[in-house]
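Participant: Each chain is listed here by its residues.
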Amino acid sequence: MKKILLTGAVALLSLFASKTVLAQVGAPFIHDPSTIMECDGKYYTFGTGGGGLISEDGWVWNSGAVRPGGGAAPDAVKIGDRYLVGYSATGGGLGGGHAGRILTMWNKTLDPDSPDFEYTEAVEVASSLVDEDCDAIDVGFLLDPSTGRLFCTYGTYFGFIRMVELDPKTGYRLEGNEAIDVAIDCEASVMMYNNGWYYLLGTHGTCCDGVNSTYNIVCGRSKSPTGPFIDNVGRTMIEGGGKMVAAPEERRFGAGHFGRIVLEEGVEKASFHWEADLDLSGRSTLAIRPLLWKNDWPEVGELVAEGTYEIESVRRGYALELSVDFVRAQGGMRGFGRGGDQPNVVIENQKLEEVAGDWPEKTPIRISDYMNRPHQKWSFVAVPEAGGYLGGPYFKIVIEGTDRALTATADCELESAPFEGTDAQLWRVDQLTDGTYRIMPKAVPGCDQPLCLVSVADSTPTLAKFNFNSDNCKWNLKHYKGL
Amino acid sequence: MNTRSILRIALVSALVLLSCTAVSGQKKNKKIDIAEALSGYFTPATDEPATPDTKGFIRRWLLLEPISKPNRSNTVFTDSYIREAFANEPYEGMFTTLPTDGQKVKVMIEKQAPVNLTAGRPMMPTAPAEPVFEKATLVWHALDSKLFNVKLFRFATGLDKERYGAIFEAYTVVECDEDIENVRMAVGSNSASMWWLNGEEAVILSGDRRMVMDDCMSKRLTLKKGRNIIRGSVINGPGMSDFCLRFIDEAGKPVRNIKISCK
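Chains as they are written, first to last, in this note's numbering: chain E, 1459 to 1941; chain D, 167 to 429.
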């Protein structure tokens, strides 16, 4: 009975642990979050109704952001050293009138405690009449990195999504600019630019229905910022087209109101809300996920789940392992074609207890052929008290069934050592835009540079600066087995 | 009162009567010029048969003025809900007899309070605890849509009829010179809808739908030589109602060698 209780307790702890991995921590409750902005080392997002969330590290979020004006569905963009914040003065409702106003305002800082914190007076940049084929809410900004032009999209299911162009110096509508219809039957639109393509993202499905919300984020793309935005099967978004970008997860439903965050080349995040997170009372919560690019189409990736993985180098396809003696597995050599009349038997995988007895307390780390051996199986376990980064918690990475933790050393190399919770044993794991992973220690002893796990030779790992254009810096997490 | 005055009064009375019969419906009638009222989205259908547009969308439809059916949310449109709602024949013979342009029919509707369009951003009016039904006279209109998607919402607002919480009924006739086999009826609608070809169910779009081109398709069908009758029903609560419909061949190409009429 005691064993059963222990097993049950472990199962419950595992369940709790996996929950902490997949949801933002703190009180991340928000609807229609604006694109996440970084300001003086903190992260900010605003939501419908006023106010918003602040995070020190990108993982733990709490209320505290300040946005006046109330209304619905804001967005934000940093232009120069100022932040342009937009919102709509009206707020949702398919069953009535549809007079709406899009307003913009500036602030030098998003930190409400800063002496520089002061919004300018909001100005109207777009509007809709009570009964026209548009509902001017849900503003989204794109500061075009290729031209410096500032585009603003808005609208809901009620008619067209429209685009206007703003003056990036003033935040006002460009004089003489006419609104363009760019999509129908979606809302929470926003544009992106990537690799020569302009993307229009919109949210489809049912909003605001808790766990039954079918909200999902789709997109079309165009070589022109004004469209037409075409999906993967050739439909324009004016025809209702759209390729999926963010869909529900197992415990989270209703992805809506997309925002893109580019941290550096190859490292991007998507922010949006879940209409309902079943692990957080079914409330509407902030979501941050890796943003992937596949054949020039955006796609939201998944957070790293706690579990046991092979850490495979993209450079060679070999696996990270403890540098210990290779122990030959049972089964031996059966010859070629002989003994065919004998019955087949199942040969078990090599077990930890068969090989770990002679392992020293600390061992170097190397890379070698993946053979599904105990010294190649790495368990990723979130360490909630260690905080996190934009979109993920820090992990300890240990050989499955042991306390042998992947550890950064003072000479910028690697070893396994008993886990003590130091920053050298806490790892940040980002899925990159190509779907591979970057693995970084929270800190390297004696080094103030951010370094990541690198396959410097086919069989030799080290810690070095990240370069997205080098396969040496990329890893695959394979053969997942949940904890 | 002289003779000229009497004649003037008689003429005005006749015009008023005429306008009332042309647009009678759920709301108190007032004079509406159909072509003018719908001019942004529709034109009256002509006697000449139409053809599908370049992408194969059928734009000529007989549309019945919206049947009031209050729904505060579109999330109720499950398969069984819409099957039951659409199984209720609005008037005797509607499911089996092609209507004509201008035909007036008497339909039982569920009353709803008028939508408040001016007070900020109002929600749908709260439905009364007990639904109240009444007979209403509705009219069929033969129209050509200016857009690939038939804007039922603007059909309703143009005629000053129920814009939210309504069922829309549609008919069209597809004429073929010969059998066209292995085609699919491709439909998108906002919100849920059902479609029949020659009396046989072809496509159902349940749930809180957005109008997406080629959202749902039928199984492979045969458009027979001669006349083929398409009937559709679209239901919506709040939001904009519309639909688009075309036929797609086995190669994924739109079927365009057909003629479209309302007769």
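It is worth saying that the hints were derived from the structure and are not from the lab. Since the structure is predicted, the reported quantities are computational estimates derived from the model, not experimental observations. We put the CB at the ideal spot given by N, CA and C, even for glycine. Heads up, a few of these hints could be off.
Unchecked claim - A short, non-exhaustive set of chain D residues, derived as facing chain E with CB atoms under 10 Å:
{"no.": "1", "residue": "Phe261"}
{"no.": "2", "residue": "Asn282"}
{"no.": "3", "residue": "Met377"}
To be verified - Think about it this way: if two alpha-carbon atoms lie no more than 25 Å apart in a straight line, the pair counts; the simulated DSS-like pairs of lysine-lysine are:
{"no.": "4", "chain 1": "D", "residue 1": "Lys221", "chain 2": "D", "residue 2": "Lys391"}
{"no.": "5", "chain 1": "D", "residue 1": "Lys221", "chain 2": "E", "residue 2": "Lys1681"}
{"no.": "6", "chain 1": "D", "residue 1": "Lys385", "chain 2": "E", "residue 2": "Lys1701"}
{"no.": "7", "chain 1": "D", "residue 1": "Lys235", "chain 2": "D", "residue 2": "Lys390"}
{"no.": "8", "chain 1": "E", "residue 1": "Lys1701", "chain 2": "D", "residue 2": "Lys391"}
{"no.": "9", "chain 1": "E", "residue 1": "Lys1701", "chain 2": "D", "residue 2": "Lys221"}
{"no.": "10", "chain 1": "E", "residue 1": "Lys1500", "chain 2": "E", "residue 2": "Lys1923"}
{"no.": "11", "chain 1": "E", "residue 1": "Lys1500", "chain 2": "E", "residue 2": "Lys1900"}
Participant: Against this structure, judge whether each hint is valid.
Facilitator: Here's how the hints hold up against the structure:
no.	hint	in the structure
1	Phe261	violated (29 Å)
2	Asn282	holds (6 Å)
3	Met377	holds (5 Å)
4	Lys221/D <-> Lys391/D	holds (22 Å)
5	Lys221/D <-> Lys1681/E	holds (23 Å)
6	Lys385/D <-> Lys1701/E	holds (24 Å)
7	Lys235/D <-> Lys390/D	violated (35 Å)
8	Lys1701/E <-> Lys391/D	violated (38 Å)
9	Lys1701/E <-> Lys221/D	holds (20 Å)
10	Lys1500/E <-> Lys1923/E	holds (24 Å)
11	Lys1500/E <-> Lys1900/E	holds (17 Å)
Of the numbered hints listed earlier, those contradicted by the structure are 1, 7 and 8.
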